[in-house]
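Enquirer: Following the numbering used here, the numbering of the sequence shown begins with 30 at its first residue and continues without gaps.
Heads up, a few of these hints could be off.
Said to hold, decoys possible - What follows is a list of derived Cβ distance ranges for each label pair: (1) His95 x Ala41: 15 to 25 Å; (2) His95 x Leu125: 48 to 58 Å; (3) Ala130 x Arg75: 21 to 31 Å; (4) Glu108 x Val87: 15 to 25 Å; (5) Pro109 x Glu56: 23 to 33 Å; (6) Asp61 x Leu104: 16 to 26 Å; (7) Leu129 x Ala105: 16 to 26 Å; (8) Asp126 x Ala57: 44 to 54 Å; (9) Leu125 x Leu60: 43 to 53 Å; (10) Met132 x Met68: 15 to 25 Å.
What the hints contain is simulated information worked out from the structure, not anything from laboratory work.
Please read these numbers as outputs of a predicted model, since none were measured by experiment.
In this text, a Cβ means the ideal position worked out from N, Cα and C, and glycines have one as well.
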Amino acid sequence: MPDLDAVFASLADPTRRAILARLAIGEATVLDIAKPFSMTQPAISRHLKVLEGSGLIVRRVEGAKHPCRLAPDGLATIEPWLDMLRAALTKNYDRLDGVLAAMTPNLGKDPT
Numbered sequence: 030m031p032d033l034d035a036v037f038a039s040l041a042d043p044t045r046r047a048i049l050a051r052l053a054i055g056e057a058t059v060l061d062i063a064k065p066f067s068m069t070q071p072a073i074s075r076h077l078k079v080l081e082g083s084g085l086i087v088r089r090v091e092g093a094k095h096p097c098r099l100a101p102d103g104l105a106t107i108e109p110w111l112d113m114l115r116a117a118l119t120k121n122y123d124r125l126d127g128v129l130a131a132m133t134p135n136l137g138k139d140p141t
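Could you build all of it, start to finish, from the sequences and the hints given here?
Expert: In structure tokens form, the structure reads like this:
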């Protein structure tokens with residue numbers, strides 16, 4: 030399984046994020062992926078190698094073509110980490126709600 034650092038390093042590059050957005054539409058060849066970018070096909074291939082190495086995409090060989098698609102579990106590596114952060118944030122917000130509730134005990138009550 031790819032490690033968390035490799036996935037985030039892959040996602041740190043705007044070109045690779047754009048490639049992932051393109052692949053979210055559907056499978057594409059290297060030449061199709063390279064069209065909207067002002068870089069060479071070998072440069073795009075290097076980006077694809079990074080994405081493949083981090084487990085975010087998969088490629089298959091179809092003759093001379095190498096179609097790429099999003100990996101089914103590509104983001105599974107970061108989901109547990111994000112879940113931990115979400116739980117910590119929820120806990121912090123719950124504590125803040127408690128502090129705010131204690132600071133305003135008469136809020137919403139009739140002052141008479």
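Enquirer: Hint by hint, say whether it matches the structure.
Expert: Now for the hints, and whether the structure bears them out:
1. His95 x Ala41: 15 to 25 Å: holds, 24 Å
2. His95 x Leu125: 48 to 58 Å: 50 Å Cβ-Cβ, so the 48 to 58 Å window holds.
3. Ala130 x Arg75: 21 to 31 Å: At 54 Å between Cβs, range violated.
4. Glu108 x Val87: 15 to 25 Å: holds, 18 Å
5. Pro109 x Glu56: 23 to 33 Å: holds, 28 Å
6. Asp61 x Leu104: 16 to 26 Å: holds, 23 Å
7. Leu129 x Ala105: 16 to 26 Å: Hint violated: Cβ distance 36 Å, outside 16 to 26 Å.
8. Asp126 x Ala57: 44 to 54 Å: With a Cβ separation near 46 Å, Asp126 and Ala57 satisfy 44 to 54 Å, so the hint holds.
9. Leu125 x Leu60: 43 to 53 Å: holds, 52 Å
10. Met132 x Met68: 15 to 25 Å: violated, 55 Å
The structure is inconsistent with the numbered hints 3, 7 and 10, although it conforms to all the rest.
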